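S.K.: From first to last, the protein sequence lines stand for chains G, Y and V.
Note that the numbering used here has the first sequence beginning at 1, numbered continuously upward.
Note that the numbering used here has the second sequence beginning at 1, numbered continuously upward.
Note that the numbering used here has the third sequence beginning at 1, numbered continuously upward.
I should point out that these hints are in silico values taken from the structure, not numbers from a laboratory.
What you are looking at is a predicted structure, and each value in this text was computed from that prediction instead of being measured.
There is no bait here: all hints are sound.
Covered by chain Y, per the in silico footprint, the following chain G stretches (three or more residues, Cβ under 8 Å): (1) 47-53; (2) 173-187; (3) 191-202; (4) 271-282; (5) 317-328.
All residues carry an ideal CB built from backbone N, CA and C; glycine is no exception.
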Amino acid sequence: MAFLNPAKKTWGISLGPSAYRLVGLVILLAALAWRVNNVLSLQSYTAQYWTLQLINGLILGGLYALVAMGYTLVYGILLMINFAHGEVMMIGGFAGYFALTGFQTLGWTNGTPFESGLSVVLALLVGMLASLIAGIALERIAYRPLRNAPRLVPLISAVGASFFLQYTVLLIFGVTPHYYQKPAIISSGLSVGDTGVFISYTGLFIFFSSIFLMLMLYLIVSRSKMGRAMRSVAESKEISALMGVNVDKVIVFTFALGSVLAGAAGVMLGLHNTVMKFNSGFFPGIKAFTAAVIGGIGNLPGALLGAFSLGILEAVGPSALGLPSEYKDVIAFSVLILVLIFRPTGILGEVLSEGKA
Amino acid sequence: MSKKLFTLFALLTIASLALAACGPAPTATTAPAEGGLLMGMDQAELEAAGYVVYAPSEPIRIGISSGLTGPIPDLGLDTANGALLAFDDVNAAGGLMGHMYESDLQDGACDGDQGTVVGNLFAADPSIVAVQGGLCTGETIGLRAIMEEARIPLVSASSTFPGVTAPEWTVMNRTPLPDTLQADVDAAYIYNDLGITSIALIHDSGEYGLGLAELIQGSFEALGGTVTSINGHQVGDTDFRSTLTTIGTEGAGLIFFGGYATEAGLIASQMGEAGLTDVIFMSGDGALTEQYIDAAGAAAEGTYVSTGVGDLNVDAAAEFDAKYEAKFGSAPDGPYHYHAYDAIMMIAAAIEQVAQTDEGGEGYLIIEREALITAIRSTSGFPGITGTLTCTEIGDCSAGGIAIYVVQDGAFVQVSGFGLTD
Amino acid sequence: MRTFVSGLRPALIVFAIVLYLNLIGFPLKFGSVAIWVFAAVLFLFSFVVSRRAKGSSPILAITRSLIIGLLPSLGLALLTYVFALMQASQVTVQAVFAQILPPHTAALTGLTGEQVIAGESVLPGLASLVLILTSASVLGGVVSLLPYEKLKTIHSEKTQSLLSTLPLLVPMALFTAYLSLKLPSVQLFGSQENIFGLLLLYIFFGASLFALRAIPQGNAKTSFMIVAMLATLSVPLLNDQFQNSVLGFVVIFIIMGIGLNIVVGFAGLLDLGYVAFFAVGAYSYALLSSPDSWILQNVPGFEGVTFWAGLPIAIVLGLIAGILLGIPVLRLRGDYLAIVTLGFGEIIRLILLNLREYTGGPGGVIGVPPPFIFDVSLGKPRDILFLSLALSAIVTFIAVRLRDSRIGRSWVAMREDEHVAQAMGINLVSTKLLAFAFGAVFASLSGTLYAVRQVNIFPDNFALDVSINVLALIIIGGIGSIEGVVIGAIALIGLPEVLRSVNEYRIVTFAALLVAMMAIRPEGLLPSLRRKRELHAGEQENIPRRKKIAR
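Required output: the full structure, derived from the provided sequences and hints.
M.R.: Here you go:
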């Protein structure tokens, strides 16, 4: 994991002196500030409004963060984009749906607070387990045979796996979307005093569990023996193997970690937005990957930072710039491009070393 | 390398090439020995002159294009199933002069790309006499151009976008009501009956969704109301809270969504979280499925959905529902299955009008394409499930009017519009 | 015991496969034929497993194949039994497994759907199911014991020389078969005839390209090339409308593939937003020519451009777009470049979708006029196929010349190592921009053809999946190889149209093939010779290297 290793200096090609880029940045920021100022002088948004949008953004960011961490973990170790990661999340979401439906027939979801809470936790665990199985199978079938192939080959395999998983789910579980019924305990929300600020419990749940899981992940990677092995494999597979690290095991472990997080994200997405269908993983997957890149791919705190900035930008951006909501994706991708123009390896990204370029 | 063998094969290939190049010239193939089938022409001559010819006991083939994949496969399947059911019924009634009807269901994927491919597939098949389809507007528009050229009549059961039918498209017909009427009725209901003067619009950036939203805007502003904003999302979006929060600052009394059931349901269910508890939600025909109620959950109560209903023949519809469930294992769920059924029935009725037998009496069935196009367009008083269908001169064959439903205790209850007896 | 264990793993795998096919609804779709499909899977699997475990005794092999057959079929039978019980007691299984309807259960047990619902016993049907599947697997084990090794030794000189002519004979036989389908007296496959003909054509094109690789330089090769070329040129005349329309689509993707091949294959710049340039080409011609477009309706006196004027304009706009999008990403590499270009592609689509006033929004641009030559419209699928073939020939020529030129070698140098390339005096900025520019021009060209073919274009046609398709096709064909692009386009764009009759399974089949293909042949079907050497460097270099040391 790059964030624990000092950045290495290498050359890069530059487009003219960096002073030009700096001037460009200043002009751009000035133009943005002017536009935002213009919009805000016309529209009278209250502080409550901004708080609400910020909360929307943080919740969205929490979801992105859970998925982005999976991308970043796999990328850090294998240097490959696991395009099917969004589908792993979707499978977790489906498993969680079936678990919750089962608990519903038992009467748990709307039973006592304990039963209701238990059903949420169990659904989360079922989703994580399903994603774990899917992620490990994916690694075993689609990626392991390609360990030494050129970079593009696993990418295409991942694209194939992504479509395969989507349409398998479509065929087995049908074309109709599956709608989550929120268990009673998390179906309402929290009103903050009389400010009119309202936070749904599912949103709170997503935000705090993403922070919690992120911390756990950080501890695993930085403190555990397996984490040390992961960092060493990220540096060099060959040398790690020579030092007695079981590289295959480390890679499977990495996939397992990423998939478990994705499974949790899938169930939370289902609980929060109440729908799961065969392609529910694809676009959030792309967005989460974008977030991971904005933060600096291969870097765990970067993934978190990228995810929260992307979430907030999507929520706040359109109204701050005075655009209708259909421009939120344009804003997200423009920010991605701008960040990479000025910091080609993301906000917290390492400077690419020779082997990883 | 045996050169002789190679030369031999090369010659063979060239020879057969030459043969095939001259080959497809109209040579009699299965025509009877003397006299010809009709007006002294044999099968190939008839086909070249714009007739469809079916050999004895050969089935009459009707193509179906529906979006079985793509953004709304559930609606596509439901619509296609409605059409397929019609084939069972016409065949159970004995087909036509010893010929059964056969469907050729193809996936138009709800986009113009696949619509074009499917169109060419149907146009290349001389045994396709008519086509039902185009689930989505893009798909229908893709099909339409090719069908027009190939002179194959086309009846859509779900393209409600106003521009789909137009005077220059002689083969294009449809059984549902166009969105213009829906927009007018909805806008009047919001303005006059609900007494709301300012609304916000959301659409799914699709032709249908955006089209409906823009039509509503036009009708509503013409009545004197104001539209506070139009916001777009995409089919498949699941988080609308940010947009709803923005709408919350605009003071609109109602949110109208142009799009399909899933997104409509999610918007309705997320409005509470964004603090829009006293804002009414309304949507159009794309959302009129059980799925909408599933998706919205408790928030569906008190929301409005409008649709173009025919003058529904209740008995026929109940019979249809029973057959549908027996054949496909689930109850029909979607706004267009009746329209698809009627489209096939209407085509079959027109075929029956114009079909001829061969002069030799050998059991050939001959259909003149132009006559069939005219026959479908001049359908009048056809008794369908969606009412008594009569086609206008541009091919709008719908009956009935717009009905507005409110969700009460998890079911759609009609509150206004066509067919309400009170 | 050891037999049991050695059969357990394959038994589990084959059970997973059969279970998968069962759950995605084979029995529902194909009726009792599905049983024979399952039997074929078991037969093949037990055959392969037996062949792989060489040197085991016949009894061991047969016992193993018995286990491979028995366990999965018992599993399947048990599952079907449970489903049948549930269906008989009116439990809707399809609430979870959408395909498990009564007719599905019925197909596996030899009953009818009504009988299943009425609760008739499924046990006799299941017993015969288990029997059929197990015997298929045992049969596979038995067949695997036949002495295949002896077959290999039969090759005499005569058969050897016959075998060497195969690369020539196969394509010709295929083309003859395709031609015979067109003869009026041949009536095979009914309405599927054109689809089957298309399949034959695909294999013909593929086999011809392989033949060109396999045949040594000489008269035979030259004459083969001429015959194959003539055959190809005759295809649009012989085809029907559907076949031409599909092939036209394939050729449009070939042009795009050749363009992306320059960017990714030659210069090594991973571009996931290639569709942006395709969209630029399509929309610039459409907006300048369609009577429906904003420009024609708002610029007084402007009647729209013809195709022949629109094509160069689209190309120039594509070039400008390529350079404009290229400049900001010059400093990016590898996957960063990939995600940024992906973002560009999406931005272009979203802008086309959202700038409704000018681009028509989701309603697209309707009625793009076809090209005309002296008032003769070239709008038919056949004319467009000819036009695309001609343009693809020009594009291929340019690409080959570029590859072998100085700039082509700089691209390869840059792909291999930017720093060394820079040190050798290659100007990275202009080299990269040239790669982007050529890629963009080719994509823009194919976009224009696409607009003409489609007549109506919509923003949804320019989504991410186009970029992914084009990238996948050059990788399947063999990255950096121009013949590979042709094979890849046929496999990726053409083949799905042939698989129409199995609509539902189209995408899963295709996706599974993609994954399997990457595992089995990562260099692609027709790799560039240089690339092939790189990928198999480890395997082939062993021997010469040792020789060197010995010397």
